[in-house]
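Asker: The residues making up each chain are set out below.
Protein chains: 2
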Amino acid sequence: MKACILAIGDEIVAGLTTDTNSGFLSQLLRGAGIDVVGYMSVADDETDILRALRRALDDADVVITTGGLGPTADDLTTACVARLANTPLDLHEPSLRAIEERFRSIGVEMPANNRKQALLPRNSEPIPNLSGTAPGFILTLSVDNGGRSVLTLPGVPREMKRMAEETVLPWLVQRAGGGAIVSRVFSTVGLSESRLDEMLAGCMTPSEGRLSFRAAFPRLQARASVTAPSAAEAEARLVLLEGRIRTRLGEHLYAVGDEGIEETVGRLLIESEQTLAVGESCTGGLIGHRVTDVPGSSAYFAGGVIAYSNEAKVSLLGVDPATIEREGAVSEATVMEMARGVRRALGATLGLATSGIAGPGGGSPEKPVGTVCIAVAWEGGEWARRYQLGSRSRSWVKEMTAQIALDRVRRHLAGLSQ
Amino acid sequence: MKACILAIGDEIVAGLTTDTNSGFLSQLLRGAGIDVVGYMSVADDETDILRALRRALDDADVVITTGGLGPTADDLTTACVARLANTPLDLHEPSLRAIEERFRSIGVEMPANNRKQALLPRNSEPIPNLSGTAPGFILTLSVDNGGRSVLTLPGVPREMKRMAEETVLPWLVQRAGGGAIVSRVFSTVGLSESRLDEMLAGCMTPSEGRLSFRAAFPRLQARASVTAPSAAEAEARLVLLEGRIRTRLGEHLYAVGDEGIEETVGRLLIESEQTLAVGESCTGGLIGHRVTDVPGSSAYFAGGVIAYSNEAKVSLLGVDPATIEREGAVSEATVMEMARGVRRALGATLGLATSGIAGPGGGSPEKPVGTVCIAVAWEGGEWARRYQLGSRSRSWVKEMTAQIALDRVRRHLAGLSQ
Chain A
225 MKACILAIGD EIVAGLTTDT NSGFLSQLLR GAGIDVVGYM SVADDETDIL RALRRALDDA
285 DVVITTGGLG PTADDLTTAC VARLANTPLD LHEPSLRAIE ERFRSIGVEM PANNRKQALL
345 PRNSEPIPNL SGTAPGFILT LSVDNGGRSV LTLPGVPREM KRMAEETVLP WLVQRAGGGA
405 IVSRVFSTVG LSESRLDEML AGCMTPSEGR LSFRAAFPRL QARASVTAPS AAEAEARLVL
465 LEGRIRTRLG EHLYAVGDEG IEETVGRLLI ESEQTLAVGE SCTGGLIGHR VTDVPGSSAY
525 FAGGVIAYSN EAKVSLLGVD PATIEREGAV SEATVMEMAR GVRRALGATL GLATSGIAGP
585 GGGSPEKPVG TVCIAVAWEG GEWARRYQLG SRSRSWVKEM TAQIALDRVR RHLAGLSQ
Chain B
225 MKACILAIGD EIVAGLTTDT NSGFLSQLLR GAGIDVVGYM SVADDETDIL RALRRALDDA
285 DVVITTGGLG PTADDLTTAC VARLANTPLD LHEPSLRAIE ERFRSIGVEM PANNRKQALL
345 PRNSEPIPNL SGTAPGFILT LSVDNGGRSV LTLPGVPREM KRMAEETVLP WLVQRAGGGA
405 IVSRVFSTVG LSESRLDEML AGCMTPSEGR LSFRAAFPRL QARASVTAPS AAEAEARLVL
465 LEGRIRTRLG EHLYAVGDEG IEETVGRLLI ESEQTLAVGE SCTGGLIGHR VTDVPGSSAY
525 FAGGVIAYSN EAKVSLLGVD PATIEREGAV SEATVMEMAR GVRRALGATL GLATSGIAGP
585 GGGSPEKPVG TVCIAVAWEG GEWARRYQLG SRSRSWVKEM TAQIALDRVR RHLAGLSQ
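Chains as they are written, first to last, in my numbering: chain A, 225 to 642; chain B, 225 to 642.
Only chain A is shown next, with the shape it has when bound in the complex (with noise of 0.2 Å):
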């Protein structure tokens, strides 16, 4: 089976906002062995969604459309495809009660032209949205009309999301004779995308199930998918490729399921009772800000210390002004002391400390930039190591050096040897 995605809205075109929905939708329909040939994105306009629309159709078995089933008249894609299925709409009613519902749950009365999303195609199979108001709708046209399918998903990523993954990728699966399908993330750390396809290569043969990849920096995440006549067999044909995923990837699968490692670290000091404080140099804040994105992260986050200058670290941290005059500020000696003196002066179970070059400037030849020292501290013990990450951009660095502190963290909470 080959699919096509469309995205539909004029703010897209205008480079106004970017468009994330085609990716995530390819990584799910890839895992369900459906081959994505291609994406398209046009305006709000009548034509040129028609001929996009008939493209797609040239294309692939079926088409998905993000976007244009909004309530106002700008709103064209479910107009469209009635059109090119030269079918008219319907009133679905209960599609129109779950919108007045849902207006009703935040005490606003529906506008009348909220109306409209409860038109659907004739014949059409609405996909509920239970996030938004917006429906979607999968509508098959006829045989004469090349016997393909239209499938039609708002615009807004968390609506879209939800009604691909619990309705659209079932519906799909079911019609290329597959049965059912059911998937699984695995989240990992450490690895480069090619490395990560390599320890993963020949785990599965292409009958037992299929992976895709997907890299938002620094998260690098692979999807398990396996399809079977009953949704019980593809779990349990699920839980045996989990296990060798497992193996396979060891120390560097930091969570089954699609979260970042912020979240695991919360998790796990949550179970263990622990608390965290985090000195941070060259990372100026990031460590702090991925930890409290977690919600409820004030449950064990104490705090952090930005210690961008000498004398912040000195003061604050109360590193010895020796050390730093010996070794260096970016130095395993430092960055230890930093790890021990966030931990005390917040009160915190584990402190952890980054110190490095970001770049550009800033580097000599001993300690050129993405030279970067990381520690944590804890009651009766301590680790510090230095990397070279090398100099690809100052964000860049920064980001690195996060995404390795927080492993630290999952790695000593969890047992693991540093």
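For the record, the hints were derived by calculation from the structure and aren't laboratory data. In this text, all values refer to a predicted model and were calculated from it rather than measured experimentally. A portion of the hints provided could be inaccurate.
Label-pair restraints from in silico Cβ distances [what the hints assert, rightly or not]:
| hint | chain 1 | residue 1 | chain 2 | residue 2 | range |
| --- | --- | --- | --- | --- | --- |
| 1 | A | Gly604 | B | Arg386 | 46 to 56 Å |
| 2 | A | Gly585 | B | Thr296 | 28 to 38 Å |
| 3 | B | Glu551 | A | Ser641 | 39 to 49 Å |
| 4 | B | Val463 | A | Pro584 | 26 to 36 Å |
Partner residues aside, some chain A positions facing chain B, computed with beta carbon under 8 Å [as the list claims (entries may be wrong)]:
| hint | residue |
| --- | --- |
| 5 | Gln251 |
| 6 | Ser265 |
| 7 | Leu435 |
| 8 | Arg491 |
| 9 | Leu510 |
| 10 | His513 |
| 11 | Thr516 |
| 12 | Ala523 |
| 13 | Val529 |
| 14 | Glu535 |
| 15 | Ala569 |
| 16 | Thr573 |
| 17 | Arg618 |
| 18 | Gly639 |
| 19 | Gln642 |
The beta-carbon is built from N, C-alpha and C at its ideal position, and this holds for glycine as well.
Fit chain B to the supplied structure of chain A, relying on the hints for placement.
Answerer: Quick look at chain B alone, frame taken from chain A:
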């Protein structure tokens, strides 16, 4: 003139990376009055690339491609364009010398397959790449073949952007008979997209110049572009328009040019010989992270304290426990003491502090999620205010708070009213 943008690469169609190039190019082209009819994305596959090129040339006068100009076997863009034009590839000596020189400058011998990057279609015009190895090219098809043009650019955003601005845009404007084009970006703060649109509505006629917009939250920018027979005349007219835009945007304009407000703040700090320290509660380190993303920020950024807990606010920032008891951690009084305290603790001339309820939990009827307090303290003065930002999402509240906080520092340094 109509343009279509084509992104080429397996990694895009596999969902492994997100295409941000097309949006950048669209904004650039629309600023020059060129109508962008849509985007397409295809894999590194000859059949798919040729089909997409043909369709794009059906729709538009010019097609701009990104990607597929690398040295490896799966880089097919140049070969496909040559095949479409039915023209051979010739070795372009100046491009080969530029590639060899690039490798020499980093002390590496040029791998043999990089020679491929200097093979360009006969009669094409090279687009020099001053930031990487792959040159692009402009090839105008014969009149028999439609007389339309294909412009190729590499997929690496940094290389692509520079080549698009320095070579592609001027070429397109010439081709459209427009003489020269100059454009300028206006970076704004404190506005929604629709408000920005309103504020600039009617400030220039289409014959005077053109406006386009780009939003990459929290950044929101307008670009004004002027075409004229000569660059000098275009520049003179742009200066007039810039005056009008400055008047319209007033204090919402923080920079002419594409920069973050943290860069503007950095420049103002250097100019006034001041230093900044941040006391962050709800932003969790995000302000420090943004400030330290600017190269050279160590010259003016003293550091900060991530005072996530009340204990940290008291012990590290010297906030009076009675203030927190009486007013709450999210209050003008507490955040004022935090700003004062962090300024003192880090020996900076300016202290900036944030405290708020980022959600999703922690809200109350008096202080719902999205309630945020910001303070600035300096020698002899201080300022604080409470905001109701709403509860869109945890990370949105953090980003908005950081943006407003940095803007308060900008306003203070620029001598604007708070």
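Asker: The structure should be examined with respect to each hint, and the outcome stated for every one.
Answerer: Here is how each hint holds up against the structure:
Against the hinted window of 46 to 56 Å, the Cβ-Cβ separation of Gly604 (chain A) and Arg386 (chain B) comes to about 53 Å, which satisfies the hint. Separated by about 33 Å at the C-beta atoms, Gly585 (chain A) and Thr296 (chain B) satisfy the suggested range of 28 to 38 Å. Between Glu551 (chain B) and Ser641 (chain A) the CB atoms are about 48 Å apart, so this pair conforms to the stated range of 39 to 49 Å. At about 32 Å, the beta-carbon gap between Val463 (chain B) and Pro584 (chain A) stays in the expected band of 26 to 36 Å.
Given hint, Gln251 (chain A) at the interface with chain B, holds; its Cβ is 4 Å from that chain's nearest Cβ, closer than 8 Å. At its closest, the beta carbon of Ser265 (chain A) sits 4 Å from a beta carbon of chain B; the interface hint therefore holds under the 8 Å criterion. Residue-level restraint check for Leu435 (chain A) is violated (minimum Cβ-Cβ distance to chain B is 11 Å; threshold 8 Å). Interface restraint check: Arg491 (chain A) against chain B, minimum CB-CB distance 17 Å, threshold 8 Å, status violated.
For Leu510 (chain A), the suggested interface contact is upheld, since its CB lies about 4 Å from the closest CB of chain B, less than 8 Å. About 4 Å separates the beta-carbon of His513 (chain A) from the nearest beta-carbon of chain B, less than 8 Å, and the hint is met. Residue-level restraint check for Thr516 (chain A) holds (minimum Cβ-Cβ distance to chain B is 3 Å; threshold 8 Å). A hinted interface residue such as Ala523 (chain A) counts as satisfied when its beta carbon comes closer than 8 Å to some beta carbon of chain B; here the least separation is about 10 Å, so the hint is violated.
At a threshold of 8 Å, the smallest CB-CB gap from Val529 (chain A) to chain B is about 6 Å, leaving the interface hint in force. Given the 8 Å rule on beta carbons, the hint for Glu535 (chain A) holds: about 7 Å separates it from the nearest Cβ of chain B. Residue-level restraint check for Ala569 (chain A) holds (minimum Cβ-Cβ distance to chain B is 6 Å; threshold 8 Å). Below 8 Å, beta-carbon pairs count as interface contacts, and Thr573 (chain A) has none with chain B, the closest being about 14 Å; its hint is therefore violated.
At its closest, the beta carbon of Arg618 (chain A) sits 6 Å from a beta carbon of chain B; the interface hint therefore holds under the 8 Å criterion. A least Cβ separation of about 26 Å between Gly639 (chain A) and chain B goes past the 8 Å threshold, and the interface hint is therefore violated. Using the Cβ-Cβ criterion of 8 Å, the hint placing Gln642 (chain A) at the interface with chain B is not satisfied: the shortest such distance is roughly 24 Å.
This entry does not satisfy hints 7, 8, 12, 16, 18, 19, going by the numbered hints stated previously.
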